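Engineer: Construct the complete structure from the given sequences, taking the supplied hints into account.
Line order of the protein sequences matches chains A, B, C, D, E and F.
Under the working numbering, the residues of the first sequence are numbered 1 to 165, in order.
Under the working numbering, the residues of the second sequence are numbered 1 to 165, in order.
Under the working numbering, the residues of the third sequence are numbered 1 to 165, in order.
Under the working numbering, the residues of the fourth sequence are numbered 1 to 165, in order.
Under the working numbering, the residues of the fifth sequence are numbered 1 to 165, in order.
Under the working numbering, the residues of the sixth sequence are numbered 1 to 165, in order.
If you're looking for bench data, these hints aren't it; they were derived computationally from the structure.
Bear in mind that the values here come from a model prediction, so they are computed numbers and not experimental data.
Built from N, CA and C at the ideal position, the CB exists for glycine as well.
Careful, some of the hints might be misleading.
Said to hold, decoys possible - Selected chain A positions facing chain F (in silico; Cβ < 10 Å):
1) R12
2) K14
3) M15
4) D17
5) V18
6) S19
7) A25
8) M75
9) C76
10) P80
11) T112
12) G153
13) G156
14) F158
15) R160
16) Q163
There are 6 protein chains.
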Amino acid sequence: MAEFTHFNEEGRAKMVDVSDKPETARTALAQSSIIVSEEIYQKITNHEMKKGDVLAVAQVAAVMAAKKTWDIIPMCHPIPLTGVNISFSWEQNQNGSYQLHIAAAVKTKGNTGVEMEALTAASACALTVYDMCKAVDKGMIIGPTYLVEKTGGKNGDFKRTEQVK
Amino acid sequence: MAEFTHFNEEGRAKMVDVSDKPETARTALAQSSIIVSEEIYQKITNHEMKKGDVLAVAQVAAVMAAKKTWDIIPMCHPIPLTGVNISFSWEQNQNGSYQLHIAAAVKTKGNTGVEMEALTAASACALTVYDMCKAVDKGMIIGPTYLVEKTGGKNGDFKRTEQVK
Amino acid sequence: MAEFTHFNEEGRAKMVDVSDKPETARTALAQSSIIVSEEIYQKITNHEMKKGDVLAVAQVAAVMAAKKTWDIIPMCHPIPLTGVNISFSWEQNQNGSYQLHIAAAVKTKGNTGVEMEALTAASACALTVYDMCKAVDKGMIIGPTYLVEKTGGKNGDFKRTEQVK
Amino acid sequence: MAEFTHFNEEGRAKMVDVSDKPETARTALAQSSIIVSEEIYQKITNHEMKKGDVLAVAQVAAVMAAKKTWDIIPMCHPIPLTGVNISFSWEQNQNGSYQLHIAAAVKTKGNTGVEMEALTAASACALTVYDMCKAVDKGMIIGPTYLVEKTGGKNGDFKRTEQVK
Amino acid sequence: MAEFTHFNEEGRAKMVDVSDKPETARTALAQSSIIVSEEIYQKITNHEMKKGDVLAVAQVAAVMAAKKTWDIIPMCHPIPLTGVNISFSWEQNQNGSYQLHIAAAVKTKGNTGVEMEALTAASACALTVYDMCKAVDKGMIIGPTYLVEKTGGKNGDFKRTEQVK
Amino acid sequence: MAEFTHFNEEGRAKMVDVSDKPETARTALAQSSIIVSEEIYQKITNHEMKKGDVLAVAQVAAVMAAKKTWDIIPMCHPIPLTGVNISFSWEQNQNGSYQLHIAAAVKTKGNTGVEMEALTAASACALTVYDMCKAVDKGMIIGPTYLVEKTGGKNGDFKRTEQVK
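Structural biologist: Below you can see the structure in the form of structure tokens.
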């Protein structure tokens with residue numbers, strides 16, 4: 001199979017070979033957010049949404065989405081995750097709306113990073129909040145969604161320095 | 001089973017009963033975007049990314065994610081989609097970065113809407129672009145992600161009037 | 001394709017043809033339970049389990065499992081569910097242990113029943129409670145799990161008359 | 001959403017809109033096969049394979065694969081199947097090898113056909129036979145795999161006239 | 001990422017971090033059962049069920065469910081299983097009904113146990129028996145379902161001492 | 001758990017225990033093909049198929065199918081793949097039809113081989129080509145599909161010597 005590296009010269013998609021990358025501890029932290037109306041904010045925090053406890057469901061959705069990232073992102077390697085943790089904080093915007101900040105932290109020990117797992121978890125979390133609240137208002141806005149930091153792997157760590165807004 | 005509606009008074013999560021909603025044609029259009037560096041923009045448009053043709057893969061990811069929205073968003077009803085279409089456009093930002101705009105249009109004939117399918121497709125599309133390009137730069141920013149319009153269903157249509165930026 | 005009915009005379013497994021069954025409203029109600037120690041009961045009801053709010057997570061697991069019953073039970077037909085609702089109640093046993101009763105109600109409009117969806121939801125719910133609490137005690141006992149009633153379909157309704165214990 | 005049809009002019013992939021196609025009864029019949037050595041033939045028919053009853057497992061695999069065709073074939077529409085039936089027959093080749101013929105019949109009532117479901121079921125069936133027997137010999141050959149006939153839908157029926165070998 | 005451990009102080013769900021647990025050989029054995037009428041017992045053992053060979057299908061369902069336990073139980077870690085084995089035995093009850101006992105044994109080499117995989121396999125197995133036989137009688141009762149023993153991991157082995165009935 | 005090896009004496013299906021097999025680098029290369037009419041060949045190579053760029057979509061389908069082989073082939077062990085690569089070449093047949101050759105190369109580091117992953121990827125690739133082109137002609141023929149070579153593992157390498165046609 002010497003010609004393995006010469007395959008696929010058409011330049012189409014492949015799941016790149018990570019066999020030779022080291023198995024190291026790896027972490028990634030991603031953030032997303034969703035802007036909601038004051039009415040929605042009140043109903044979430046008072047547990048009055050008809051579909052149930054919004055943040056509890058969103059947290060479960062995020063953990064489950066992290067685990068199936070390899071099945072959602074085509075060229076992403078399957079990795080057995082060792083930990084996923086989702087955290088929330090609220091911020092009131094100047095125009096009266098509320099922004100729910102979502103942080104997704106993922107850990108593994110493997111030969112490729114977990115950035116996609118953290119980003120997918122944060123995205124699924126925000127989408128689930130939208131789903132649980134959309135009967136009240138469909139104008140909610142998701143994101144920005146971005147990587148905050150990662151550790152582990154041969155390419156070194158990444159840490160976002162400037163703030164995203 | 002008369003007490004069906006009295007179930008679950010604890011206020012926890014449920015997949016709400018849509019049995020009595022009419023089966024009508026329904027559409028939804030959602031948008032997302034991803035901001036990338038000029039280098040990534042060049043490599044995407046020149047098909048030089050090591051992992052393959054970025055937009056082609058992202059489009060497939062979006063269609064497939066639309067179909068499994070019910071498995072990603074916990075309280076979302078399973079709906080047999082009849083059409084999914086993903087479209088892209090590029091915009092250059094003032095600071096020299098490039099923004100890839102993603103539009104996801106979804107259609108069905110069913111008794112609940114397809115907003116979540118359109119939003120999930122757009123999100124998976126942006127996440128896939130991130131995955132295909134992250135070896136070059138991990139600073140890409142996804143979003144905002146939002147519903148543009150929907151049609152069909154008893155609650156009437158939705159059309160976003162102000163621009164999101 | 002006249003010989004369709006003569007196929008598979010070896011007597012092996014098939015997903016039986018329900019094309020000619022009427023599309024009617026259908027409901028099913030199943031129950032399961034899990035017996036836990038007093039310590040676990042206390043930690044669940046006081047939200048002190050390290051893995052999170054046990055019943056909230058179990059409820060989400062149940063709804064999601066209902067939706068993928070067709071992918072867990074090999075000869076089960078895929079059906080687009082229109083509603084799933086999970087409910088809990090506690091009972092103290094004479095020996096000091098506690099029994100969590102789980103009721104799963106499922107609705108659809110289709111040409112086959114949703115008994116398996118209700119039973120699968122109840123089972124996944126109980127399994128999730130086990131998972132969330134097993135760090136405290138692995139001796140928990142799940143079940144009995146059984147159908148309580150179903151409505152809709154040509155074969156008439158089912159209603160369990162005697163109590164299961 | 002008038003511009004829906006103008007979307008995606010880049011010519012990339014989409015799940016084409018079948019909303020306006022009629023909901024009719026549809027069937028498809030596909031065939032595949034796998035050529036095995038005499039030793040494997042003997043072990044399959046005598047139930048001596050270490051991994052279990054080969055045809056029983058392959059039949060289950062075929063039914064389950066039919067149900068998730070939409071998740072394997074990217075632009076394939078999700079369809080609630082109403083029946084799947086798998087049948088086998090053996091043929092001895094002149095060179096002493098044996099060919100297992102696999103027929104997969106699928107039915108639904110929907111607005112798009114089930115050719116892909118039948119072809120995917122037959123393929124998964126053959127692949128499973130390979131998996132169950134590969135410890136004995138890895139030289140097995142799968143296929144040809146092809147559509148035999150389909151009925152239903154606006155484009156009329158299809159019936160293969162010449163034999164495939 | 002020093003604040004990792006301070007995350008999620010709201011007490012909501014997380015997939016706990018097992019990165020530091022040792023990778024050891026691990027086994028788990030779980031049991032379930034299903035009580036069926038004499039008619040069903042006869043039809044199962046005589047291979048007369050319309051849907052096919054009940055125990056063959058149930059065994060496949062159990063193995064496949066074990067592999068997707070991480071996708072059914074929300075906070076369960078994904079683990080690459082190295083072996084799954086399902087076994088059956090029949091017992092006649094005093095009231096004339098029959099009880100099918102199901103044992104599910106699972107093995108892996110990983111940093112968390114496989115109790116959930118064994119319990120999920122046993123549950124899916126019993127549910128599949130129910131599905132294959134429910135056309136005859138919907139009164140079947142599943143369970144009790146419980147862990148019999150586990151080995152491996154830092155918390156030591158577990159072995160159930162008293163009998164469950 | 002001494003009786004583990006005595007389990008399942010009924011000879012039914014199991015996922016065999018590979019716990020004691022060595023974790024080594026493993027590769028597999030499988031091939032499939034699909035015979036298409038000249039019209040389809042022209043439309044594929046000229047990117048005129050209504051559903052999109054056929055080979056681009058088929059390549060993504062192949063990679064994603066490789067990753068879920070364990071969920072399609074019942075007794076197949078789940079393995080975290082480290083690389084998947086799909087390649088195409090065209091051949092014109094004497095009767096004027098065209099044959100698309102598909103090569104699927106898969107790599108992992110694990111305790112069981114990846115033959116099934118390569119074969120499943122090649123099959124899904126061919127099936128996707130069929131799906132993308134079936135509006136033009138349903139007479140396409142898939143296969144033969146077979147293993148070309150494998151490396152790694154205690155049972156030694158495999159290399160097909162004679163050509164398959």
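Engineer: Now look at each hint and say whether the structure bears it out.
Structural biologist: Hints and how they fare:
no.	hint	verdict
1	R12	holds, 5 Å
2	K14	holds, 5 Å
3	M15	holds, 4 Å
4	D17	holds, 3 Å
5	V18	holds, 5 Å
6	S19	holds, 4 Å
7	A25	violated, 16 Å
8	M75	holds, 6 Å
9	C76	holds, 9 Å
10	P80	holds, 6 Å
11	T112	holds, 8 Å
12	G153	violated, 14 Å
13	G156	violated, 21 Å
14	F158	violated, 22 Å
15	R160	violated, 28 Å
16	Q163	violated, 35 Å
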